[in-house]
Amino acid sequence: MPERVARRTWPVHVVLVVGAVVMVAPLVWEFLTSVKSFGESVRVPPTILPEAWDWSNYTKVFHSIPFGQQLLNTVLMTAGRTVGQLLLCSMAAYAFARLAFPGRDLIFMLFLSVLMVPSQLFLIPQYQIMQELGWLNSLQALIVPGVFSAFGTFLLRQFFLSLPKDLEEAAGLDGANPLRIYWHIMLPLARPGLVALGILTVLWSWNDLMWPLVVNNDPERMTLSAGLATLKGEHFTDYPVLMAGSLLATLPVIVVFIVMQRRVLEGIAFTGTKG
Amino acid sequence: MTALEEVPVAAPQRAVAGRPARRGLRRREWLWGFAFIAPNGLGLLAFYIWPVFQTLYYSFTEWGAFGGHTWIGAENYAKLVSDPEVLKALKNTLLYAGLVLLGVPVSLVLAALINTPGLRGAAVYRVLYFLPVVTMPAAVGMVWRWLYNGDIGLINYVLSLVGIEGHHWVADPRFALYATAVVGIWMTVGYNMVIFAAGLKGIPKDLYEAAELDGAGPIRQFFSITLPMLSPTAFFVTVLTSIGALQVFDVIYLMLGSNSAALRNPAIDENQTIVFLFFERAFVDNDKGYAAAIAFVLLLVILLLTIVQFRAQKKWVHYA
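Top to bottom, those sequences are chains A and B. Counting from 1, one number per residue, gives the positions in the first sequence under UniProt numbering. Counting from 1, one number per residue, gives the positions in the second sequence under UniProt numbering.
Simulated from the structure, these hints should not be mistaken for laboratory data. Where a beta carbon is used, it is the ideal one built from N, C-alpha and C, also for glycine. Treat the hints loosely; a few may be bogus.
As the list claims (entries may be wrong) - Residues of chain A clear of chain B, computed beta-carbon distances all greater than 12 angstroms:
1) W53
2) D54
3) T59
4) F62
5) L72
6) G134
7) N137
8) S138
9) A170
What the hints assert, rightly or not - Calculated Cβ distances over 12 angstroms to all of chain A for the following chain B residues:
10) A74
11) K88
12) A210
13) G215
Stated by the list, open to error - Going by beta-carbon spacing under 10 angstroms, a handful of chain B positions derived as facing chain A:
14) I37
15) W50
16) F53
17) A138
18) A295
Sequences are here, hints too, so could you generate the full structure?
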């Protein structure tokens with residue numbers, strides 16, 4: 001029996017391995033280039049493995065651009081948006097799922113309509129708001145618009161709807177107000193949903209490009225994605241250093257993804273099937 | 001987002017007349033409800049909902065060099081219907097979206113393969129295929145530019161080994177959009193694969209068992225069971241992927257764009273997309289009125305295409 005299974009799955013493995021090589025090759029090439037000397041990186045024909053592993057490119061990144069500062073900006077932006085979204089979206093989602101108030105369904109539709117509009121329609125006024133507040137080139141500009149989310153509200157509302165009602169009814173009879181019910185009963189129960197939203201927010205936020213590019217153009221105030229995008233190998237053609245920077249910028253989310261992969265994939269699948 | 005399957009929401013208890021306690025509770029529940037949605041709601045209103053109307057207003061204005069704007073009626077719209085750049089960008093955007101949609105059947109096949117019963121290492125494959133989704137686009141763009149480089153790129157070197165002469169893929173107007181679409185597919189295949197895999201899990205096993213008893217092989221089973229049962233998921237994925245592809249910016253900006261006029265990539269003028277054009281008009285040329293009008297063209301295209309897809313689904317989507 002096991003023999004039959006093995007015989008049947010090997011062609012599948014062949015296809016999947018070829019596909020996996022295509023998916024991973026650019027990232028492997030990024031890494032291999034990042035440890036080559038500049039001279040070796042531009043050689044024709046190219047070497048696959050570096051002749052001498054040159055790790056100095058990773059320290060050079062920190063001297064060539066304000067990499068450390070941009071890393072910090074990215075971390076703060078990601079953390080701010082994620083914490084904000086988890087709090088505000090879970091509050092709104094709890095109300096939409098569990099409380100009765102006039103106009104609830106209408107307001108929810110209004111929230112959903114945000115999901116259907118391409119982000120370019122918000123961008124110019126959002127920029128205007130930042131300019132009027134004097135927030136251009138600031139951390140607030142990176143964070144604030146990103147803490148409000150229709151998607152997050154939608155995702156968490158679906159989670160709250162699937163939770164049993166008994167517990168909160170018991171608490172309600174005991175005189176607990178909605179704030180207590182939300183904080184002490186609903187939030188702990190919704191942990192899988194919160195984790196899924198949290199990870200998705202971290203991933204999309206970390207990699208966000210257009211907004212950071214628009215609001216912060218001082219290199220000291222940029223995020224990593226905007227910082228790397230503005231280099232693009234013009235004034236700066238040292239590809240091994242660029243690859244080292246790209247890899248360092250990418251590494252945190254790759255680690256988060258690999259550690260939390262089940263939650264990430266569940267979250268994606270959830271949005272796909274319930275969408 | 002498609003079908004909002006309305007799960008009955010904690011039905012508001014009908015207030016029974018003459019029970020003030022109950023009514024008091026309900027009134028308080030109103031207040032709580034509004035208090036809970038207020039922070040997110042007001043933020044969405046200020047940063048997302050109201051701005052749509054502002055952008056609509058801006059699309060009827062002209063912006064001066066110092067930020068002031070004057071009402072010019074429909075002039076921006078009159079200009080853009082005959083603007084060769086807008087038409088070209090529109091064509092490129094549709095072509096790009098069409099190319100990226102070619103990745104959808106690929107992700108379906110991959111999902112089916114990964115779901116093969118008894119396959120070892122499925123989790124590893126899932127992670128590897130998903131990696132491009134979570135990799136920072138700015139880094140991705142950098143690597144692919146390097147791979148596509150006409151003189152020292154790895155791709156041309158590999159092609160030369162089999163006797164094919166390569167090109168300057170992202171600097172040649174003839175190839176740049178196709179080269180970018182390859183990256184677009186590479187970045188979305190894993191995402192769609194995960195959604196398809198979730199859809200596959202929802203197909204009842206006994207359907208396959210029955211088919212097996214009737215002597216249907218794996219290929220027959222795929223076309224007679226998997227495909228029809230999965231068509232709602234396929235519809236969702238197609239709509240989502242095309243909406244995303246129509247808004248393409250990152251890869252175009254990163255692979256074809258340039259920060260200085262002097263070093264402008266010759267391929268960008270021929271290969272720019274709607275959102276790239278919007279970005280340049282709004283934030284490089286500071287022609288925000290015109291950019292606002294371009295944004296509405298994008299909205300219109302997305303709406304039209306989504307309506308077409310919803311109409312067409314009646315022909316191919318089977319809801320169980």
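Do the hints match the structure? See the list:
1. W53: For A:W53, whose nearest Cβ neighbour in chain B is about 19 angstroms away, the distance exceeds 12 angstroms, so it holds.
2. D54: 17 angstroms, holds
3. T59: 18 angstroms, holds
4. F62: 16 angstroms, holds
5. L72: 16 angstroms, holds
6. G134: 14 angstroms, holds
7. N137: At about 14 angstroms from chain B, A:N137 clears the 12 angstroms cut-off, so the statement holds.
8. S138: A:S138 clear of chain B: closest Cβ-Cβ about 16 angstroms, beyond 12 angstroms.
9. A170: Non-interface label stands for A:A170: nearest chain B Cβ at 14 angstroms, farther than 12 angstroms.
10. A74: 18 angstroms, holds
11. K88: 18 angstroms, holds
12. A210: With a cut-off of 12 angstroms, B:A210 remains clear of chain A, as the shortest Cβ separation is near 20 angstroms.
13. G215: Non-interface label on B:G215 holds, nearest chain A Cβ at 17 angstroms vs cutoff 12 angstroms.
14. I37: 4 angstroms, holds
15. W50: 7 angstroms, holds
16. F53: It holds, given that the least Cβ distance between B:F53 and chain A is near 9 angstroms, below 10 angstroms.
17. A138: 4 angstroms, holds
18. A295: 4 angstroms, holds
Going down the numbered hints, you'll see the structure goes against none, and every one checks out.
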